[in-house]
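Asks: Two chains, each in its own frame: build the complex with the hints.
Protein sequences appear in the order of chains A and B.
According to my numbering, the first sequence is numbered sequentially starting from 1.
According to my numbering, the second sequence is numbered sequentially starting from 1.
Keep in mind that the hints were calculated from the coordinates and are not lab data.
Do not take every clue at face value.
Unchecked claim - To be clear about the criterion: a stretch of chain A counts as covered by chain B if any three or more of its residues have a C-beta under 8 Å from a C-beta of chain B, and this derived list gives those stretches: (1) 46-54; (2) 66-79.
Stated by the list, open to error - Over the 10 Å line for every Cβ pair with chain B, so calculated as not near, a few chain A residues: (3) Leu5; (4) Pro11; (5) Gly21; (6) Gln42; (7) Arg60; (8) Ile61; (9) Ala63; (10) Leu83; (11) Glu84; (12) Gly87; (13) Trp90.
Even glycine gets a Cβ: it sits at the ideal position worked out from N, Cα and C.
Below are the chains, spelled out letter by letter.
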Amino acid sequence: MAASLYAADRPDSLSFVELDGLTLLYHRRSGLTHFLAPPAPQILAALAAGPADAAAIVERIGADFEIEAEDPAAAIAARLAELEAAGLVWRT
Amino acid sequence: MNHVFRLQVGPVAFRIGSEWRGPVAALRRLYAGYPEPGRVCDFTVRLEAQRPWRRWLRPSVAIRGDYVLPDAAPLPLALGLIAAEMGMNLQMALGQKRFLLLHAASVERDGRALLMTGHSGAGKSTLGALLGERGWRFMGDEFALLDLERGLLHPFPRAASLKNESLGLFGKVDPERLGPILEGTPKGIVRHLRPNAEAVARMGEPARPVLILFPRFGRDLEPAVREVGAAEAFMRLTQASTNYVALGERGFDSLARLVGSVPARAIDYADCAQAEALADSLWRAA
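So that you can see chain B by itself, here it is in the shape it has in the complex (with noise of 0.2 Å):
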């Protein structure tokens, strides 16, 4: 690989390997302060070029890494931060052994964690950034690590995707922390958000899980909040798990720990305004 960037997300190190300059620069500005790996790096992610001669003819980013998905679809090289990113998805949805993997946003106040999970476009990964920059430490938007054995969850702040709409409430965030705007994504537009630097100094922190919620966006719902039974919960959160049937019993047995012991809620919402109103008042009672 011509170029190397290496990354340190939480407690996870990647070394992600490009053979065009481009994506590796984008990746070094938008994790501008992050850490450096002081160890070897548990996930590669490499950016290839489709064939060889696409490396100068409209060139196309194939992702590969220790985990290979034979049929992903290779992105313009203009996309490579998003190329990056669904090469760190990949690497940890696919090898990823330490935690149960959970696909969720999370924050966290005074020590302990608010955990959001919901199907793509319910809105998890816009209200985690966005607690994120009112008063809450963010601690990711795409993935929660619980930790096998004591129940904590641990951070994996990479840059938030904001997407869409969602892209109008951060207009006062600092733009050194945006990335560039990335049209004709899978998603649509995407802009990434590098966390604030309390999030980037505490990645190493765990915290105690205390609140699970279910959140669900639609412009026509009334706000409501629904309690979720823990069963519910279970079945929900092995949905949201991409590594809940390789861990085994480890990974029942966590999970079967979190929900039993963490309350967890359903909220509807039509405007962030809402979301973080029922979040806010959800929290002060669990």
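Chain A on its own, in the form it takes in the complex (with noise of 0.2 Å):
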């Protein structure tokens, strides 16, 4: 079975602020407040360049980030599964 796409909200219609450690968005289409902790706004940035499954979306992060996890792939498709309850990514 093919790995799913997730797309996201273009980055013009999210506002980012960030505080302690966390990140506040703004998502403009619900006007819902979010509190994410990486890697979550590093995926939200990494489907700005376009739908992407787990393990490119690693790829994408890792150009600047170190992910550490035995298995980011996995990692990083349980976080994409909690944004999308949240509302924030959507499968393609």
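Replies: As structure tokens, this is what we get:
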């Protein structure tokens, strides 16, 4: 089975503020405020380049950050599921 | 409406109408010396008979206005002041769009404001009123109004609502400033305190917030101070705001600016002298 491709809203429809190592996100489409911990903001930034699956997101994030996990793709997939539940990403 | 009272509190103008003389007479006495609004009022509060015939038989006040909660419980007529206060709260909570509304007390010194917020019973109202009698300018004990563009706090110095044991702390104020003792209110015994002349005269002067306190009162608590991170302060203030969601991104931006630039502390205290000492020492350090 092919891995799911995820998409996110365009960066200009999100407003980010960094506070104490957390990222506050205002999501204009829903009017909701979210508190995000790494790597969630990095995942959203990676999806700005277009839809991707977990493995591709690991590659995009890996260009700038070290991901400390035994199975990075599984870790990112778990965060994607949380972001999907929060309405910040969706499957295409 | 048979009886009408117009009242300016900080930047907000109210028109309070009542079917009875009593609540309006009590408001006139409590708010003696307040300026009358010079323009169209922002909000209307109506104190009406729950049913037309109840105006005469066991009168009961229903609170109405521009914004109405369908299940707001009616109050006996003797609590007309409480009904007016609840009506003003309701109009502000549901209709205020010009400011981010924080359920908080605030006081000012040297042009800088101290903001205090917490759950009901945490002591913010008592602390705000107390500091207002001890060299600080009382800005409000119920709502603090955060300017969405400039980040200034605007006063909302309505009469402070003193409850139960805290009444004993204000024995030395001019009795003219105190309202009637109201028993059997939803919050127990309540007595209103008109802010002092300085607080009323300067109700149009905003101040720059420089310290946020989250007080917590408990008889068995040791006095303590804990640093509150900006993200936690943001979250707690969204809970303390009645119109954060309604303001959308403007609310998000103004609150993020506030917590990003103003330090926040949680304080525990077992009596007001401790709280005052903690507030003073934190204020000097801010």
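Asks: Please go over all the hints and tell whether each is borne out by the structure.
Replies: Hints, one by one, checked against the model:
Here's how the segment 46-54 of chain A fares: 0 of its residues keep a CB closer than 8 Å to some CB of chain B, so the rule of at least three is not met and the hint is violated. Judged by the Cβ-Cβ criterion of 8 Å, the segment 66-79 of chain A is not covered by chain B as claimed, because only 0 of its residues qualify and three are needed. A cut-off of 10 Å between C-beta atoms confirms that Leu5 of chain A is not in contact with chain B; the least separation is 29 Å. Separation of Pro11 of chain A from chain B is adequate, the least Cβ-Cβ distance of about 15 Å exceeding the 10 Å criterion.
A cut-off of 10 Å between C-beta atoms contradicts the statement that Gly21 of chain A is not in contact with chain B; the least separation is 8 Å. For Gln42 of chain A, the requirement that its beta carbon stay farther than 10 Å from each beta carbon of chain B is met, with the minimum near 17 Å. Arg60 of chain A, annotated as away from the interface, keeps every beta carbon of chain B farther than 10 Å; the closest lies near 26 Å. At roughly 22 Å from the closest C-beta of chain B, the C-beta of Ile61 of chain A stays outside 10 Å, upholding its exclusion from the interface.
Distance to chain B confirms Ala63 of chain A as a non-interface residue, since its nearest Cβ pair spans about 27 Å, more than 10 Å. Once the 10 Å rule is applied to beta carbons, Leu83 of chain A is consistent with being away from chain B; the minimum gap is 18 Å. Separation of Glu84 of chain A from chain B is adequate, the least Cβ-Cβ distance of about 22 Å exceeding the 10 Å criterion. Chain B leaves Gly87 of chain A outside its interface by the beta-carbon criterion, the shortest separation being 15 Å against a cut-off of 10 Å.
Residue-level check passed: Trp90 of chain A sits 22 Å from the nearest beta carbon of chain B, beyond 10 Å.
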